[in-house]
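Peer 1: For reference, the chains in residue letters:
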Amino acid sequence: MERKKQAKLVITFHTTTEAMHMEAVCDPALGRLIPVPREISAGCGLAWGADPNDEAAVLKVMTENKIVYQEKKNVMLY
Amino acid sequence: MIYFDNAATSLPKPPAVGEAILQALNTFGGPGRGGHPAALAAGRTIFKARMAVAKLLGSAPERTVFTSNATESLNIAISGLLTPADHVITTALDHNSVLRPLYRLRDRGMGLSIIGIDANGNLNYDDFAGVLQPNTKAVVCTHASNLIGTVIDLSFVSDFCKKNGLLMITDASQTAGVFPIDADALGIDVLCFTGHKGLMGPQGTGGFCVREGLSIKPLKVGGSGIHSFSETHPSEIPDRLEAGTANAHGIAGLLAGVEYILEQGVDTIREKECALAELFRSGIAEIPGVRIYGDPNVSHAPIVTLNIGTVDSAEVGAHLADDYGICVRTGAHCVPLAHIGLGTKEQGSVRFSFSSFNTQEEVRIALRAIAEIAAELH
Numbered sequence: 026m027e028r029k030k031q032a033k034l035v036i037t038f039h040t041t042t043e044a045m046h047m048e049a050v051c052d053p054a055l056g057r058l059i060p061v062p063r064e065i066s067a068g069c070g071l072a073w074g075a076d077p078n079d080e081a082a083v084l085k086v087m088t089e090n091k092i093v094y095q096e097k098k099n100v101m102l103y
Numbered sequence: 078m079i080y081f082d083n084a085a086t087s088l089p090k091p092p093a094v095g096e097a098i099l100q101a102l103n104t105f106g107g108p109g110r111g112g113h114p115a116a117l118a119a120g121r122t123i124f125k126a127r128m129a130v131a132k133l134l135g136s137a138p139e140r141t142v143f144t145s146n147a148t149e150s151l152n153i154a155i156s157g158l159l160t161p162a163d164h165v166i167t168t169a170l171d172h173n174s175v176l177r178p179l180y181r182l183r184d185r186g187m188g189l190s191i192i193g194i195d196a197n198g199n200l201n202y203d204d205f206a207g208v209l210q211p212n213t214k215a216v217v218c219t220h221a222s223n224l225i226g227t228v229i230d231l232s233f234v235s236d237f238c239k240k241n242g243l244l245m246i247t248d249a250s251q252t253a254g255v256f257p258i259d260a261d262a263l264g265i266d267v268l269c270f271t272g273h274k275g276l277m278g279p280q281g282t283g284g285f286c287v288r289e290g291l292s293i294k295p296l297k298v299g300g301s302g303i304h305s306f307s308e309t310h311p312s313e314i315p316d317r318l319e320a321g322t323a324n325a326h327g328i329a330g331l332l333a334g335v336e337y338i339l340e341q342g343v344d345t346i347r348e349k350e351c352a353l354a355e356l357f358r359s360g361i362a363e364i365p366g367v368r369i370y371g372d373p374n375v376s377h378a379p380i381v382t383l384n385i386g387t388v389d390s391a392e393v394g395a396h397l398a399d400d401y402g403i404c405v406r407t408g409a410h411c412v413p414l415a416h417i418g419l420g421t422k423e424q425g426s427v428r429f430s431f432s433s434f435n436t437q438e439e440v441r442i443a444l445r446a447i448a449e450i451a452a453e454l455h
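Read top to bottom, the protein sequences are chains F and S. So the first sequence is numbered by the numbering used here: it starts at 26 and just counts up by one. So the second sequence is numbered by the numbering used here: it starts at 78 and just counts up by one.
No lab work stands behind these hints, which were simulated from the structure alone. Just to be clear, a hint being listed does not mean it is correct.
Claimed, not checked - Covered stretches of chain F, going by a simulated chain S footprint (3 or more residues, C-beta under 8 Å):
1) 32-46
2) 53-60
To be verified - Below, simulated PhoX-like cross-link-like pairs (lysine-lysine); rule was C-alpha separation at most 25 Å, straight line:
3) F:Lys33 / F:Lys98
4) S:Lys239 / S:Lys294
5) F:Lys91 / F:Lys33
6) F:Lys98 / F:Lys29
7) S:Lys125 / F:Lys85
8) F:Lys85 / S:Lys132
9) F:Lys91 / S:Lys132
10) F:Lys85 / F:Lys98
11) S:Lys240 / S:Lys214
12) S:Lys125 / F:Lys91
13) F:Lys33 / F:Lys85
14) S:Lys132 / S:Lys239
Claimed, not checked - Computed beta-carbon distance windows for the label pairs:
15) F:Ala54 / S:Lys239: 38 to 48 Å
16) F:Asn99 / S:Asp259: 37 to 47 Å
17) F:Lys91 / S:Ala262: 11 to 21 Å
18) S:Pro373 / F:Arg57: 54 to 64 Å
19) F:Lys91 / S:Gly157: 16 to 26 Å
20) S:Gly186 / F:Leu102: 50 to 60 Å
21) S:Ser312 / F:Glu64: 21 to 31 Å
22) F:Ala54 / S:Asn374: 51 to 61 Å
23) S:Lys294 / F:Lys91: 24 to 34 Å
24) S:Leu291 / F:Leu84: 23 to 33 Å
25) F:Glu27 / S:Gly95: 43 to 53 Å
Every value quoted in this text rests on a predicted model; they were computed, and no experiment measured them. Yeah, the Cβ is synthetic: ideal placement off N, Cα and C, and Gly gets one too.
Take these sequences, add in the hints, and give me the full structure.
Peer 2: Printed below as a string of structure tokens:
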């Protein structure tokens, strides 16, 4: 079956520790850790991948837990 | 075997520590090196360990850095914050893991003042003000002596540092997990700890907690798991100060040790250990020929250090091990200045250090052993 790309909200972090912190505090219904897509950064690392419709809820979790993102972008991913 | 060398490394560990290490060994991928389940398993455990250590020591997980031991932590803090243009204050109770990095900077021009001790091993607190200079940058000192257990008053050091605009770098190797420490409340700039003593983790673990906003130049740079195409190392902690693959297997064990301490309670652990130390101390005080070092009337870690007459401490230690199966540390304990201050440079001393896994029966056996050895050798 052919996979189709879907829009994903991708949030990157300054450190791997912040990415792990995000996973520790965020409801799994609001996304999960994914490798950083190449089109966002040429480096490697972990990002938070979520449904773009959940952006407000995701950002609220980050604000409440003082997690700062490096970059936030909607990307088409498989 | 009866083990009384917990100031060197704690033994035994809570059973969960070994179990956690074995499970990590069999399931972890490289932490921070990919988004697959095995790598994430390692990364999650390391983050949980940061949270547990930060909770125990009064810091935050993002400011809790893991290293291979307190010596590495102290080297990172000292080389990353101090320069040959500075002046630094330390104490005669401090371990070579503090002294040698400072001596290395001193040999390149840094000023160094060492606060002495009295005959009981108590720090000469009144001398601090007198050694201040215009370029004094930091006080780097231990929280408790690994030789005689004397606890240094961190509130005094904190007040002195705040009043004079100095950095406070503290070596909590003998106190983390045994005495309550709140790094942020005390304003400690860098609190260095080791994982394999009071924190009950495996050897090869340790770290430090950094005050918010303090930037430390890294000791080593290299692989970081992020920003691979940058020629410079990441600038944010903790990644900035953790080049290379983390010892996730060991940190899994450290997490289990810290969770054990949080569950048991630091106060409960300390009360038990200090009660055993006091039982031993009061017992050997009655044995002719035994000399005990340190002031029993001040706060001290569960350590009792003694000599029998003028007998070489190494001989006493050998008898204890060979004839009684009792493990203690003898000699200089990596604290040359404390031995010089106490007059034990040639003889060394015999150090008993207690854990909450020791028992009163073990202490009674040790008391009989010391009495017998004292009668034979002295």
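Peer 1: Look at each hint and say if it fits the structure.
Peer 2: Status of the hints after comparison with the structure:
1. 32-46: Since 8 is at least three, the answer is holds.
2. 53-60: It holds, with 3 qualifying residues against the three required.
3. F:Lys33 / F:Lys98: holds, 8 Å
4. S:Lys239 / S:Lys294: holds, 22 Å
5. F:Lys91 / F:Lys33: holds, 23 Å
6. F:Lys98 / F:Lys29: Holds, at roughly 19 Å.
7. S:Lys125 / F:Lys85: holds, 22 Å
8. F:Lys85 / S:Lys132: Measuring from Cα to Cα gives roughly 24 Å; hence the hint holds.
9. F:Lys91 / S:Lys132: holds, 17 Å
10. F:Lys85 / F:Lys98: Status holds; Cα separation ~16 Å.
11. S:Lys240 / S:Lys214: Roughly 12 Å separates the two Cα atoms, so the pair holds.
12. S:Lys125 / F:Lys91: holds, 17 Å
13. F:Lys33 / F:Lys85: Holds, at roughly 18 Å.
14. S:Lys132 / S:Lys239: Holds, at roughly 24 Å.
15. F:Ala54 / S:Lys239: 38 to 48 Å: This hint holds: roughly 46 Å between Cβ atoms.
16. F:Asn99 / S:Asp259: 37 to 47 Å: holds, 43 Å
17. F:Lys91 / S:Ala262: 11 to 21 Å: holds, 19 Å
18. S:Pro373 / F:Arg57: 54 to 64 Å: The hinted range 54 to 64 Å holds for Pro373 of chain S and Arg57 of chain F, with Cβ atoms some 56 Å apart.
19. F:Lys91 / S:Gly157: 16 to 26 Å: Roughly 25 Å apart at Cβ, these two residues keep to the hinted range, so it holds.
20. S:Gly186 / F:Leu102: 50 to 60 Å: Holds, at about 56 Å.
21. S:Ser312 / F:Glu64: 21 to 31 Å: With a Cβ separation near 24 Å, Ser312 of chain S and Glu64 of chain F satisfy 21 to 31 Å, so the hint holds.
22. F:Ala54 / S:Asn374: 51 to 61 Å: Since the Cβ atoms of Ala54 of chain F and Asn374 of chain S sit about 59 Å apart, the hinted range of 51 to 61 Å holds.
23. S:Lys294 / F:Lys91: 24 to 34 Å: holds, 25 Å
24. S:Leu291 / F:Leu84: 23 to 33 Å: The hint (23 to 33 Å, Cβ to Cβ) holds, given that Leu291 of chain S and Leu84 of chain F are roughly 28 Å apart.
25. F:Glu27 / S:Gly95: 43 to 53 Å: holds, 49 Å
Every hint, counting from the list given before, is met by this structure.
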